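Participant: Chains as they are written, first to last, in my numbering: chain A, 6 to 356; chain B, 6 to 356; chain C, 108 to 433; chain D, 108 to 433.
These are computed hints drawn from the structure, not numbers from a lab. Where hints are given, some of them may not hold.
Using C-beta positions, here's what the derived DEER-type ranges look like [unchecked claim]:
hint, chain 1, residue 1, chain 2, residue 2, range
1, B, 92, C, 341, 14 to 22 Å
2, C, 395, A, 334, 45 to 53 Å
3, C, 112, D, 323, 53 to 61 Å
4, C, 343, B, 92, 13 to 21 Å
5, A, 67, C, 343, 49 to 57 Å
6, A, 60, C, 389, 57 to 65 Å
7, A, 334, C, 403, 47 to 55 Å
8, B, 280, D, 418, 48 to 56 Å
Here the structure is a predicted model, which is why all the values come from computation and not from measurement. Virtual Cβ for every residue (Gly too), placed ideally from N, Cα, C.
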Amino acid sequence: MARSSAETNTSSAERTLTMARAGREAVLSEMRRNPNMFLIGEDIAKLGGVFGTAVGMADEFGIERVIDTPISETGFVGIATGAAMAGMRPIVEIAFVDFIGVCFNQIFNFAAKTHYMSGGQYKVPLTFMIGYGGGYNDAAQHSQTLFATLAHVPGIRIVAPADAHDAKGLMHTCLRDDNVTVWMMHKRLCGLGWLGFPLPTAMSSVPEADYTIPLGQSRVWREGTDLTLVGLGLTVHNSLLAAEQLASQGISAEVLDLRSVVPLDRDGIFRSVAKTGRLVVADEDYLSFGVTSEVLAVVAERDPSVLKAPAVRVAYPDVPVPFSRPMEEACLPSVERILAAARSVMKGSKR
Amino acid sequence: MARSSAETNTSSAERTLTMARAGREAVLSEMRRNPNMFLIGEDIAKLGGVFGTAVGMADEFGIERVIDTPISETGFVGIATGAAMAGMRPIVEIAFVDFIGVCFNQIFNFAAKTHYMSGGQYKVPLTFMIGYGGGYNDAAQHSQTLFATLAHVPGIRIVAPADAHDAKGLMHTCLRDDNVTVWMMHKRLCGLGWLGFPLPTAMSSVPEADYTIPLGQSRVWREGTDLTLVGLGLTVHNSLLAAEQLASQGISAEVLDLRSVVPLDRDGIFRSVAKTGRLVVADEDYLSFGVTSEVLAVVAERDPSVLKAPAVRVAYPDVPVPFSRPMEEACLPSVERILAAARSVMKGSKR
Amino acid sequence: MRPEPKQRLWMYEAMFRSRQLDTAVLAAYREGKTPVFHMGKGPLPGEMHQSFGQEPCAAAVCVHLGPDDAVAAGHRPHHVAVARGVDLQRMVAELFGKQTGLSGGRGGHMHLYDAAVNFFCSGIIAESMGPAAGMALARKMQRKPGIAVAFVGEGAANQGAFHEVLNMVGLWKLPFVLVIEDNNYGVSVSKRESTAVERNSDRASAYAMPGEYVEGNDPDLFCVAAGRAIERARRGEGGTVLELQTERLQGHFIGDSSGYRPQDERKAMRDPVPEYRQRLLNETVASATELGALEKRVQQQVDAAMQFGRESEYPAPEQALERLYA
Amino acid sequence: MRPEPKQRLWMYEAMFRSRQLDTAVLAAYREGKTPVFHMGKGPLPGEMHQSFGQEPCAAAVCVHLGPDDAVAAGHRPHHVAVARGVDLQRMVAELFGKQTGLSGGRGGHMHLYDAAVNFFCSGIIAESMGPAAGMALARKMQRKPGIAVAFVGEGAANQGAFHEVLNMVGLWKLPFVLVIEDNNYGVSVSKRESTAVERNSDRASAYAMPGEYVEGNDPDLFCVAAGRAIERARRGEGGTVLELQTERLQGHFIGDSSGYRPQDERKAMRDPVPEYRQRLLNETVASATELGALEKRVQQQVDAAMQFGRESEYPAPEQALERLYA
Ligand SMILES: Cc1ncc(C[n+]2csc(CCOP(=O)(O)OP(=O)(O)O)c2C)c(N)n1
Ligand SMILES: Cc1ncc(C[n+]2csc(CCOP(=O)(O)OP(=O)(O)O)c2C)c(N)n1
Ligand SMILES: [Mg+2]
Ligand SMILES: [Mg+2]
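Whole structure, please, built from the sequences with the hints as guidance.
Facilitator: The following block contains the structure:
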């Protein structure tokens, strides 16, 4: 990272913000500090971004630095990449992660590889702002998560904050990074009324001052001794709710928030699982070849003997997201599914 | 699968073929049986496919059924998908898997999801023929494997045969399947002189008659009791060579060939690991969120206690493929790396 | 020059049916979403892109189509589906996410499929162009009659698929018509802000095919131009780019206030449905009584479809795991 | 109308340098690949797309460029890199995969990057157009001088990126020139078989920019046309599509026999390098002695670069894991 500082416990004033507001605050501050930074994407200048990530930006910075594009993702991702190679610091808004399929080559074969293929001659300081996730009946092409699709290919750093504090800090981190970074926000966490009331645990108190959060450091939201609940983004909150109920049944669950998918805090994952001996991973991305696969693999290759019971994955099943509410509800990594998983690992074979 | 039959031990004549020849034989036979089947892609009519997968096809079937396209992958993948929805059975050649980034949306958001999104009204009997893999210094954009990129998204069946016999049988299976299937051939296995002499173990004896191989059935190339070496495609052969050397040191390795990535033979993987208690997975795809992750996850979620030692992954590290030979060699899942992994699992903590 | 009276009545009926459907859907969509608008609540959740104002485009094209033809729409599909004759009850049931829906609730508003009339859509911009051209190719290869029509918005004309597909349509002379519904906006971005040229129909020459731009959101003018393009495709002379100037009378989706549109522009908006009704009366194509009867019949169909959708059962949760593969 | 003598000599030198480099590379590439051709063997492994016959395109464009400008090439980059003035020794070392190479051996023949002259390429067709246009945008936003030029083949003009990028170049009037090297083939597929129109330059009108097609693989004619396009970009008047009719004198890559090309076509092939040399003599732009001296000097540079590439060290295997991130 370019100018990453350790996580700051600033003494400055704090306010409670939504994740969208908190992320936007970081963008505003970095845009003010850096004239080479600009926003580019669809519906950001006049609309302020479909998810409100760019509200007011055009008024402050003008449409030269807040650029509405045609519906040409391959074109403007490529253009942003070239601008980054030439000294600019673009922020690319892609409202739904579901759309990466129309520009995936520019992302993974060019932007992500240019620093390496050029032997370090060209930096690509480019940050994607991407919304993900379902749960509001937007069906198969507007509800996906796709963490692993982006994380499997080398050269892309990916964060998925779970609350406003991390949304701001990780946005600062991404915007100061000299590499391709992806800041991903679950649509149901962002705090837009029309996507549901923000979860209280996602709307957190946020320092006014700038601060960064180092990549690859997971966050323990709740200490526990009997099992580890790993999540990221929305599943952190579902895990916390599950942990509450488990506590009332005398089960002590530790809730670990990955915060960044790449780099992945393998040490943090293993440390917690080694302590509790039991693992449940909750993720809204598809099950197979996904985030949950990698988390289980970490334990299997470090020391599977720490597991007192088989690990359980609570992921999106390997089917497209159905439109109809009862079908989608059944597929989401809900509190209920996490609870069921937790009970099964507690029952699981002791040694 | 439409008309899948159990694996046939036909009494008909057998010949030793390269994988490319064997796959082509299946295509020829299915094209002859089915007038609605056609080939579409770049450089297939006059050139016969960059990797020889379509040699002679245009002469026999004419350029109406062997269609050379412009360099417009999103366009012709979409066109092939629509033709499939209208009753045709297209075979789409994409020479290098590295190119899926320019047509990924049509593949994963439309072709793979149409049967589901339409509630089964539209079938998409479409087979991709795709080359993958490195080891001949083709660098970062022409050497990738990307199994997991395709396998992570639901609705795509993926096979990666390791020898000519499976190349033919799995091609028949794909071409008779009424879903989107991907037949992937490692460029260094196909048997083209200019990509290196075919490995003797890849050039196998092939029945003249048609036969299919059920999806999701791994193949045990070599029985063993001390550890399981899981591979697919080229890494099967590296695992076999490693097993040879291990045998000479009194270590009995079982070599398991996944054969299909989707569906994955989870039972076959677990059965073998439960028997041997030790696991090494070799794969040329990137390490993280990859095939090796999923294989380890299977064991961790079924019963990690069968592992006498931590599992070891021999995958492509999370960097782009470097051009320079010594650098690329060091990254490939070589016999040496598999051997080192096997030794470490044998040393690994007993219980 | 005017279309046949039969055609004009057919168009009015298709436009009116779409309008009454969207009106009923709008009301149902609002249920459960007040006082605070929450997209995920109520009997009709999810994004909802309606067709108020764009009815003429679909009616004027589909009036020329028969059972052998294929039709693709995008994220704003209601008027196209209705004009194509998609089963209204099962379509509405799909919008409600019911088991009796076209896809048993798996598809939803942006993913309406009705194989019985060779209809499909897709929510990714310009993505259905390739599959539609593929249906045209299949007809040509199988020497079967029929053409394919794809409907996209003017914003889709800047997506790479537009270029790749039209080049192959031109190259292979596929029986295909691209209908561009130019409502001047892609969400909040106006055509002038997104498109280097004034008319996408002028881009047709880049693919060696004719392009035609028709102004005025006028069903009669649209009908004549569409007839030419479709006949040309049927004669095996290849594709056409037909760009139709239309009007988006509501926001991009329900909940969008269109605040980014200038006042005068919003004031100048005209509603093609009542206008066309009036023209049919003025030109004595039908009497008020005849139109009244037609409207009553259509309204009953729409009401019946809404009732069917509402009263149908939801699918069982576990059905989410079915139908992935054939 | 002729370019300046200085320009013409510069162009001949650039063409000759590229030609001698490709000649030396061809010989080195063959080493270790006989009797049986195996792409992975020898000192120069991997795919190798050479530029025999296309030298005029790069020379005639780059003669107009200065240090502020940016240049992007594709999978066939040698003539462009040479004309752009990429460090010859480090370029050859990169082809050999040596530590002293431009990217320390990580890039290779299809991924030549030289930030010192704002040069890069990419092996995915049409993929470098967007980044090149982005470099043009950066110059405009930073109010810095300089333009960007992207070189692609005629086959790339059917890739979606072509459409998306040119639309934004036209929309935002970016200082950009697209050079299409029309060698009439994309691997084995001829332009007639891949492209609905005869000339991609005619597609420029779809992006509200001028397009020009120049025939004859003639450095002088190319130079004049390129000068117009580049001056236009420098004046802030936006982009141009410049399509240059050239000739692929060898197979698509080394190992391809071009068996798919008709005999007469192959017979009719003309070599622009000796032809241009003769013209310079005929028109007394330079004497045989002067050209001889120029050629001797260039040959020495090429020999030195080849020697540097051969004799440099390979990177250590573990360096494969370095340089992923800044
Ligand atoms: C590839 C892609 N990018 C972005 C979107 C988000 N999106 C949905 S509709 C829309 C605007 C489409 O405009 P237009 O094509 O004119 O159709 P209209 O909405 O006007 O009917 C956008 C940008 C998408 N669905 N797909
Ligand atoms: C997106 C993509 N599809 C296919 C290829 C394989 N490929 C490499 S070069 C080439 C032909 C390119 O033709 P053209 O653009 O005319 O350039 P030329 O080779 O004639 O210089 C193809 C199809 C690729 N590299 N990228
Ligand atoms: Mg529009
Ligand atoms: Mg060419």
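Participant: Take the hints in turn and mark each one as holding or not.
Facilitator: A quick look at each hint next to the structure:
no., hint, result
1, B/92 x C/341: 14 to 22 Å, "holds, 20 Å"
2, C/395 x A/334: 45 to 53 Å, "holds, 49 Å"
3, C/112 x D/323: 53 to 61 Å, "holds, 60 Å"
4, C/343 x B/92: 13 to 21 Å, "holds, 20 Å"
5, A/67 x C/343: 49 to 57 Å, "holds, 52 Å"
6, A/60 x C/389: 57 to 65 Å, "violated, 48 Å"
7, A/334 x C/403: 47 to 55 Å, "violated, 40 Å"
8, B/280 x D/418: 48 to 56 Å, "holds, 54 Å"
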